[in-house]
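**Q** Here's the letter readout for the chains.
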Amino acid sequence: MRIGLVVSCIVMFFVIAFAGLFNLQIAHGRSNRDLSRKNCIRLVPRLGARGKILDRRGEVIVGNKLYYDAAVMGRGIKEASGTLAAIAPLLGKSSGELEKAFRRGFVVSSLPVVVASNIDIKEAIALEEIKSDLPGLIIQPKPQRAYPYGRLACHVAGYINEIDRWRLTKLADYGYKTRDLVGFGGAEEQYDYYLRQESGGLSIEVDHRGRFVRELGFKEPQSGKDVQLTLDLRIQKIVEGALDGRKGAVVIMDPASGEVLAMSSFPNFNPGIFVEKDAQEIASVVRNSEAPLMNRAISNSYPAGSIFKVIVATAALEQKKINKNTTFVCTGSTQVGRSVFKCWNTHGEQDIVRAIAHSCNVFFYRTGLLAGAQNIHDYAVKFGLAHDTGFELLYETGGFVPSPLWRKLKQFKGWYDGDTANLSIGQGDVLVTPLQIARMMAVFANGGYLVTPNIIKAIDGKQVVSSKKRAIAVPIKDSTMGLVREGLREVVSLPDGTSSILAQLPVDVAGKTGTAQAPPGAAHGWFAGFFPFKDPHFVICVFLERAGAGYHAAMLGKRIIEQMSKEGLI
Amino acid sequence: MSSRLMIIIAALLICIIGISSIYSSTCQKEGRLWQDIYKRQILWALIGALFFMLVSNVNYHRIWDWTYILYIATVFFLFLVFILGLARLGAQRWLRVAWFNFQPSEFAKLAVIIFLARYYSRKSSNDTRLCAQRYGIASGIIIPFLFICIPMGLIVEQPDLGSGLMLFALFISMLLLSGVKFRYIFIFLFLTALPVPFLWHFLRDYQKERLLVFLNPNIDPLGAGYTIIQSKIAIGSGGLFGKGWLAGTQSQLRFLPESHTDFIFATFAEQWGFFGGVLLLLMYLAIICQGFNIAQRTSDQFGRLLAAGISLMLSIQICVNIFMNMGLAPVVGLPLPLMSYGGSSMIVTLISIGILVNIDKTRTVF
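If you read the protein sequences in the order shown, they are chains A and B. Quick note, the first sequence lines up with residues 15 to 584 if you use my numbering. Quick note, the second sequence lines up with residues 335 to 700 if you use my numbering.
So here's chain A without its partners, still in its complex pose:
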């Protein structure tokens, strides 16, 4: 009778054992299997290289260099400390330092923790030799961004940095993760999707001490695709050499295709500091009040000044308000309404060609008043001002051209003749970007087509579809075109033209200077033009922030063109 009691107790215990087995193996079998996998499988990431950024001839603007990381794998500091102590003398660091790095970087036991990054090749080889004796030590090759020309074309290329919260929320659906390196600004950001490498990795089986047992699988890391720009590094170097140290921007473009051959903005920055994670340097760049990270060629707009006069001339000629024989007499000033508007000189009798050549304000006050503010605005829009150009890089601003209608709707104010006079010489509220001015100039250079500026030539060796680079015909008559072109040429060729300093150049240049008042502070200087005059291959726009006068911009343009012709690039 008592035996029965004992036996039923024992059978009950066995039933509990069966239930326990069922619970562990069937009910929680899957999670336990995952846990056992995590125990013995380690993933060793292998990074691919980010795509290179090339110039139009295939020269590397932004490339990669191979570095090595020493990483240690382990379930905790206890397990790793032996290995860390062994490698510390080879790396010239104390083991305490490495242990600190290990603790800081530890996430899960299946991922190696980088304890020393960017070690040089000699140290990497030394570590590789003792690797087999040390459990959990991994030497990872790591391609990193390298900038063979330093700051050259830094705004066009952009830089890379750890992804920020804003970009992460935007890009999380495309497989971006925290701590990914992504492009910021320029081609790096716009074409990040193509440039981005796909990291592969090695999955290995390890034993309880983290020692390698066998390889389970390997996924080849995929390098990113190369992006080829239309930039010509030779021209870019000339431009940056000429601009060095002065605030401003230069754009050189092919007027026929809209391909940007050089684009430079100063002050600039060294993209390498983001790779080296030099916190102090980064802070000084980001906090700098002169905004070195901003691409002044596209991301900020400035008053246009006299360069805007070519639009006023075109509008008046097209509307038949003036013709090539119309003249006004410049006496140094003119009365508009009740106020007196001054010219910068006394020019005497001026026709349209001479007025452009001398940049005579009085002629354009009169012409502008004849053409009317709304017409001027409409022609400005036809020449691509007041809205962005469709350029490929991000953060382009559209600029602004005022009109009577806008004034009435937005400011509840009337439009007076004085406003028209101001608009006629590009003052007042007119805001343009250097790229817009280069594009406007291209219309006169290529005989009437508004091109779309572009900078991407090919991605992964495939040419970018040309339909994106279409040009729109601007409806202006040949006679108008001829008169304005003649005026632009005489700016340079006349001894008293505003850019006569460019006359000695071996190529015939046509262009226009501009001095844009922007109180408080000195005026901005502009020079925009094209060359060679007969068969233009280049449009140039030089913008100097707070340079004082357009003359300085013309000087800079002269130096650039001079150097280009010296190097046989024209």
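Think of the hints as simulated: they come from the structure by calculation, not from any bench. The beta carbon of each residue, even a glycine, is placed where N, CA and C say it ideally should be. The reader is advised that the hints may include incorrect statements.
[To be verified] Below are the BS3-like pairs computed for lysine-lysine, each with C-alpha atoms no more than 25 Å apart in a straight line: (1) A/Lys145 x B/Lys363; (2) B/Lys363 x A/Lys52; (3) B/Lys363 x A/Lys92; (4) B/Lys542 x A/Lys92.
[What the hints assert, rightly or not] Sample of chain A residues at the chain B side, in silico, Cβ under 8 Å: (5) Val20; (6) Phe36; (7) His42; (8) Asn46; (9) Ser50; (10) Val227.
On the provided structure of chain A, position chain B as indicated by the hints.
**A** Then chain B, alone, in the frame of chain A:
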């Protein structure tokens, strides 16, 4: 099929499973010593089989005569271990004899069963009825308990709390089976339970740690809780059909410590899954049930208590070991009979089964 045939077949199968599991858990370790460990287990099994044949062919009543000699020898050996342990200033469970280690606490379990079986099957001289029913609390419980306390105290002092507690559990169950009055047993249990809260302070640090870790293994996942966590993962990752022979990552890659001794069940369950585990448990259950069957069929009180005691010893060790593997009991050093690596355990278990078989045989002869 007769009970003894079933017991022999099940025991043989379990031995084979045990040796294959030991092989699987040690074959990837470095060193010849580790890799040859399964051969040693085969040797122990063969020696055990010799003892089994010897014991199963000698009438178990002979054991009655040797009871006190066995008891005294056991206490002597345990005392020897105690002395040597003192000399070494540390834990000591083994006696080094020639080329093998001998673990007296394994033999103590069997000796205690034999001692109690004899004690409770005494008959009074003027009456053929058993004394046990008429025993008072003194002669029924206190005196045998004092006899048990000597080996138990020596074992606990080794320290081997698991085996010591097992002797106590054996004593209580033997009390139940012997026919001592229930109320005495309850009074005794109550009295022994009273000082339990104070015993906490007498536990060694690692024993306290094991108990705390049993309640929550995650308080020290890389230290004391490591074994139990890895064991649960090993068993659980086996799933329905297991990972296959020699393909258990937990045991073969040595994430599971003691995978060939105390945690051999986890090693086995990882490779053979739920099906293998259930099959193994059923085989153990078959041995135990047949053991109790034999006990029930035996009219002789000594044989009955002996058979029941042996079955109890096996079931307590099996249950505690498997519960411990699954994290349902704290980690104590109890081996899984016939599976865990170890000569003493293997030989004692086979001797015990030999006695069971002999009791079955002898009864049939009558």
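**Q** Hint by hint, note whether the structure agrees.
**A** Now the hints, each set against the structure:
1. Proposed proximity of A/Lys145 and B/Lys363 is supported: the alpha carbons are some 21 Å apart, at most 25 Å.
2. Pair hint B/Lys363 plus A/Lys52 holds up; C-alpha atoms about 21 Å apart against a cutoff of 25 Å.
3. The suggested pairing of B/Lys363 with A/Lys92 holds, with an alpha-carbon distance near 22 Å, which does not exceed 25 Å.
4. With a CA separation close to 23 Å, the supplied pair B/Lys542 and A/Lys92 stays within the 25 Å bound.
5. Checking A/Val20 against chain B by beta carbon gives a least distance of about 6 Å; that is within 8 Å, so the hint holds.
6. For A/Phe36, the interface hint holds, since its Cβ comes within 8 Å of a Cβ in chain B; the closest pair sits about 7 Å apart.
7. For A/His42, the interface hint holds, the least distance from its beta-carbon to any beta-carbon of chain B being 5 Å, beneath 8 Å.
8. At a threshold of 8 Å, the smallest CB-CB gap from A/Asn46 to chain B is about 3 Å, leaving the interface hint in force.
9. Annotation: interface hint on A/Ser50 holds; nearest CB of chain B at approximately 4 Å, less than 8 Å.
10. Because the closest C-beta pair between A/Val227 and chain B is about 6 Å apart, less than 8 Å, the hint holds.
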